[in-house]
Every structure is written in C-alpha cells, then in structure tokens.
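Residue numbers (numbering that gives the first Met the number 0), protein chains in the order written: chain A, 0 to 233; chain B, 0 to 233.
Think of the hints as simulated: they come from the structure by calculation, not from any bench. Please read these numbers as outputs of a predicted model, since none were measured by experiment. Incorrect hints may have been included.
[To be verified] Simulated restraints, written as ranges between beta carbons of each label pair:
hint, chain 1, residue 1, chain 2, residue 2, range
1, A, 185, B, 211, 31 to 41 Å
2, B, 145, A, 92, 29 to 39 Å
3, A, 145, B, 64, 23 to 33 Å
4, B, 145, A, 185, 41 to 51 Å
5, A, 121, B, 67, 42 to 52 Å
6, B, 42, A, 54, 37 to 47 Å
7, B, 174, A, 114, 53 to 63 Å
8, A, 110, B, 212, 53 to 63 Å
All C-beta atoms, glycine included, are put in the ideal place defined by N, C-alpha and C.
Number of protein chains: 2
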Amino acid sequence: MSPAAVSLNGFARHAVAVDVVLFTIQDDVLKVLLVRRQRAPFRGAWALPGGFVGPEESVDAAALRELQEETSIGNVYLEQLYTFGDTERDPRGRVLSVAYYALVNWQRMQLRARREVVSDAEWFPVRRLPGLAFDHRKIVDYALERLRNKLNYTTIAFQLLQEEFTLTELQGAYEVILGQRLDKRNFRRKMLQLGILRAMNRFKASGRQRPARLYTFTETKVVKLQEKGIIVPF
Amino acid sequence: MSPAAVSLNGFARHAVAVDVVLFTIQDDVLKVLLVRRQRAPFRGAWALPGGFVGPEESVDAAALRELQEETSIGNVYLEQLYTFGDTERDPRGRVLSVAYYALVNWQRMQLRARREVVSDAEWFPVRRLPGLAFDHRKIVDYALERLRNKLNYTTIAFQLLQEEFTLTELQGAYEVILGQRLDKRNFRRKMLQLGILRAMNRFKASGRQRPARLYTFTETKVVKLQEKGIIVPF
Numbered sequence: 000m001s002p003a004a005v006s007l008n009g010f011a012r013h014a015v016a017v018d019v020v021l022f023t024i025q026d027d028v029l030k031v032l033l034v035r036r037q038r039a040p041f042r043g044a045w046a047l048p049g050g051f052v053g054p055e056e057s058v059d060a061a062a063l064r065e066l067q068e069e070t071s072i073g074n075v076y077l078e079q080l081y082t083f084g085d086t087e088r089d090p091r092g093r094v095l096s097v098a099y100y101a102l103v104n105w106q107r108m109q110l111r112a113r114r115e116v117v118s119d120a121e122w123f124p125v126r127r128l129p130g131l132a133f134d135h136r137k138i139v140d141y142a143l144e145r146l147r148n149k150l151n152y153t154t155i156a157f158q159l160l161q162e163e164f165t166l167t168e169l170q171g172a173y174e175v176i177l178g179q180r181l182d183k184r185n186f187r188r189k190m191l192q193l194g195i196l197r198a199m200n201r202f203k204a205s206g207r208q209r210p211a212r213l214y215t216f217t218e219t220k221v222v223k224l225q226e227k228g229i230i231v232p233f
Numbered sequence: 000m001s002p003a004a005v006s007l008n009g010f011a012r013h014a015v016a017v018d019v020v021l022f023t024i025q026d027d028v029l030k031v032l033l034v035r036r037q038r039a040p041f042r043g044a045w046a047l048p049g050g051f052v053g054p055e056e057s058v059d060a061a062a063l064r065e066l067q068e069e070t071s072i073g074n075v076y077l078e079q080l081y082t083f084g085d086t087e088r089d090p091r092g093r094v095l096s097v098a099y100y101a102l103v104n105w106q107r108m109q110l111r112a113r114r115e116v117v118s119d120a121e122w123f124p125v126r127r128l129p130g131l132a133f134d135h136r137k138i139v140d141y142a143l144e145r146l147r148n149k150l151n152y153t154t155i156a157f158q159l160l161q162e163e164f165t166l167t168e169l170q171g172a173y174e175v176i177l178g179q180r181l182d183k184r185n186f187r188r189k190m191l192q193l194g195i196l197r198a199m200n201r202f203k204a205s206g207r208q209r210p211a212r213l214y215t216f217t218e219t220k221v222v223k224l225q226e227k228g229i230i231v232p233f
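Kindly produce the complete structure, drawing on both the sequences and the hints.
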C-alpha cells in the first residue's frame with residue numbers, strides 16, 4: 000500500500016476540549032465546582048474547569064491535567080460522562096467537548112484557584128448556579144441526571160462519607176443528591192439488606208437523641224450493585 | 000477584545016471518527032454488525048461501521064450518516080456509548096473515536112453493503128467474532144457490557160420483539176443478551192410485577208405444550224425503570 004493510503008490527510012480536524020463536573024456536598028447542599036474565566040470568550044463568566052486536548056495527549060489525561068492546572072485538584076477518579084458534539088457550542092468555531100464527572104469529598108481536596116489561568120474557583124450550589132459559559136449549564140444538568148441514576152445502582156454516595164458513618168448520615172447524602180426526602184424505615188431496611196454495611200460496636204452521640212450506631216462500608220471501592228444482583232430502588 | 004483572542008488558532012486539532020455497534024438477535028444468537036474494509040489500514044479486515052466526522056457536521060449526525068453510507072441502515076436510535084481517546088488507536092496517527100450503539104430488530108432493517116465503500120456487511124455472533132480492525136474488539140466488548148447493564152434498568156429488550164409476544168419469548172431475549180439462563184418463575188414474577196405488560200386474550204400455539212398467552216408492552220418507547228421506581232434485579 001502507498002504511504003498516502005495510510006495517512007490522515009484529507010480528513011477534517013477538530014478542536015477537542017474536556018470539561019470536568021465535580022460534585023460535592025457541603026453544608027448539606029449539593030455543589031459543583033466552577034472557575035471564573037480570565038479570557039475571551041465569556042471572559043469573567045463562570046465555567047466548568049477544562050480546556051483543550053493536546054496533540055499527543057489522551058483525552059482522559061487532558062481532563063485530569065486541566066482540572067489540576069486550574070484548581071490544583073488532583074488524584075480524582077474521573078468518569079467519562081458524554082461527548083457534546085454539536086457544531087454550535089463555541090463562538091470561536093467548532094469545538095467538541097468530552098465531559099467528565101466525579102462525586103468527591105471536598106474536605107479531601109486541596110482547592111486553590113491557579114490565578115495564572117483562572118480568576119477564581121468555587122463550589123456553587125447546583126440549585127443556584129450563576130450564568131455559565133458555553134453550554135456548560137447543559138453539561139451540569141446532564142451530569143446531575145447521571146449522578147442521580149448512578150445512586151440507584153452503585154455505592155457512589157459512600158465516597159462522601161467518613162470511614163465510619165451513621166445511617167442518618169448516609170441517608171442525608173442520598174437525600175441531598177436526589178433533592179428529595181426518603182422514608183427513613185424504608186431506606187434503612189433496603190440499605191441493610193444489601194449486605195455491604197458492617198455494623199460497628201461504636202456509637203455517635205447525636206444531640207438529645209440516643210447515640211446512633213456507626214457503620215463501615217465493607218468494600219473499598221464503588222460497587223456496581225447490579226453485578227452483585229442487588230439494586231436499591233428507593 | 001481583539002479578534003485573535005476569540006479564535007481557535009493555536010489549539011491542536013484532531014481527527015475524530017465515529018464507530019457504530021449495532022446488536023441484534025438472530026436465530027437465538029446475539030450478533031453484531033460488521034463491515035469489511037476496502038481500504039488501508041486493515042484493508043480486508045472486518046470492522047465496525049464508521050468513519051470520520053466532517054468539518055461542519057455534528058458527531059451524532061456523522062454516526063447516522065456513516066452507518067447509512069456503509070450498510071444502508073437508517074432510522075436507528077443510536078445511543079452514545081463512549082469516546083475512545085487514547086493516542087495510539089490508529090496506525091495513521093491520532094484519531095479519537097466517539098462510539099455509538101443500539102439494539103435493533105434485524106428484520107426491520109434493510110441491510111445492504113454499499114460496495115462503493117465496504118466490501119461486505121454481515122451480522123456476526125458476538126461469541127465468534129473475527130479479528131477486528133483498530134481497537135474495535137474493545138469497543139464491542141464495552142458496548143456489550145453497557146447493553147447488559149441496561150437490560151437491568153430499562154426495557155431495551157422489548158425492541159427486539161414483535162408487538163405481541165409470549166413471556167417465553169421475552170425471557171429468551173434476556174437470556175441471549177445476558178448469555179445465561181434465567182429462572183423461569185422468578186423472571187415471570189418480576190416481569191409481571193413491573194406493571195408494564197398488558198395480558199391479551201390471545202394465545203400462541205407452541206408445539207405440544209399448551210398455548211402461551213400473548214402480552215403487549217404498555218409503553219411505546221424504552222422506559223427507564225429507575226425513573227418509575229422499579230428495577231429488575233434478575
């Protein structure tokens with residue numbers, strides 16, 4: 000075969016961006032991490048951390064790099080969310096965006112805006128977001144839907160808790176993410192049925208109520224409940 | 000702001016491909032649609048239908064166009080699967096691939112290889128795939144995992160059936176996709192509990208056994224069982 004036959008000459012090339020949606024719970028509120036843009040377009044507007052994929056860089060690596068470069072946050076397990084491939088996303092021209100997301104414990108993150116590239120970095124309540132650059136509002140909404148779905152068939156919410164936690168704390172995490180109250184008896188019964196919680200012989204004082212039992216999670220990572228044949232339909 | 004500040008000059012550009020994983024059930028076997036490549040690289044090898052995204056084309060549109068151009072199949076609801084963004088996927092250079100998938104009823108598809116672009120197009124059993132071009136084997140495996148997961152929380156399997164079907168036929172579709180036998184009583188009980196099947200007053204003769212009752216699906220599209228608060232943990 001001729002060399003010409005195996006080159007990429009003649010095929011269109013596209014600018015490819017990555018955008019990262021980091022969720023956390025702070026003060027019983029579900030929040031998302033935003034950075035304030037220093038450059039046009041949308042200069043001064045809030046946006047998701049992100050940027051362009053380099054020529055010899057994997058898309059996954061670009062997402063981690065951009066997050067770190069703008070917010071100092073590293074060591075996050077990012078999951079790919081979706082690729083936004085419409086042609087009109089960016090006023091500068093055609094830019095694809097591969098979006099990633101994660102649910103993190105903000106207390107374990109070292110958030111620090113890198114002023115060389117962004118003016119600021121802050122956690123915002125998902126229910127009171129400022130106007131966002133590009134189609135980032137749509138990306139946040141999509142990520143939120145995925146996160147809520149995921150709550151139903153994985154143990155992703157456990158990432159937010161301390162190593163030992165009460166069932167009330169666990170239920171609280173679910174309620175904040177789902178944005179709705181859950182029935183306490185029903186929640187406890189289903190959670191305990193899963194067989195992934197170990198009851199400790201330790202208790203946590205909780206105001207005027209009797210001390211609440213502490214639990215640990217028997218797994219060290221996020222479990223797909225489906226694969227264990229168990230599902231939590233709250 | 001200066002025009003230079005809002006251009007995309009200086010950012011890397013990437014070739015972006017789409018690849019389509021179409022699944023069907025034929026003769027009680029789960030199959031995937033492959034095309035035989037006419038051009039280098041991997042000339043003569045089997046591959047997923049797909050190709051490059053055009054300069055002014057949305058990624059979704061490119062997936063539908065490539066499927067149609069190579070196999071004549073149109074009118075499929077493709078769901079985005081994953082973006083494969085490693086740098087070493089293609090011997091010609093850096094190519095991202097946005098993969099899509101769907102589960103279809105092959106009898107409703109007009110499969111015809113378009114000889115201008117591919118040498119052949121055929122359904123292959125997922126358990127006996129030929130060597131595939133690029134990382135397409137990995138993409139098929141990933142799609143299969145997603146499809147099996149999806150079976151647990153949506154009604155995607157119903158797309159394979161006729162408008163009226165027996166519970167045995169429905170169970171058969173699940174078994175073929177999951178690649179394992181399911182307990183008949185358990186399957187029936189859970190399926191009927193979902194409240195998405197309407198029992199007809201019609202029956203289907205089935206050999207020497209007594210006629211089996213026919214059912215219809217009460218919804219006209221794929222239902223997310225989670226959103227209805229129901230999950231099928233087979």
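Hint check results:
1. Checked against the hint of 31 to 41 Å, the C-beta distance between residue 185 (chain A) and residue 211 (chain B) comes to roughly 36 Å, which is consistent with it.
2. Checked against the hint of 29 to 39 Å, the C-beta distance between residue 145 (chain B) and residue 92 (chain A) comes to roughly 32 Å, which is consistent with it.
3. For residue 145 (chain A) and residue 64 (chain B), the Cβ-Cβ distance of about 27 Å falls inside the hinted range of 23 to 33 Å, so the restraint holds.
4. Evaluation of the 41 to 51 Å hint for residue 145 (chain B) and residue 185 (chain A) yields a failure: the beta carbon distance comes to about 30 Å.
5. At roughly 46 Å, the beta carbons of residue 121 (chain A) and residue 67 (chain B) sit within the given window of 42 to 52 Å.
6. Distance hint check: the CB atoms of residue 42 (chain B) and residue 54 (chain A) are about 27 Å apart, inconsistent with the given range 37 to 47 Å.
7. In this structure the hint that residue 174 (chain B) and residue 114 (chain A) lie 53 to 63 Å apart at CB holds, the actual value being about 58 Å.
8. Take residue 110 (chain A) and residue 212 (chain B): their Cβ atoms lie about 60 Å apart, and the range 53 to 63 Å holds.
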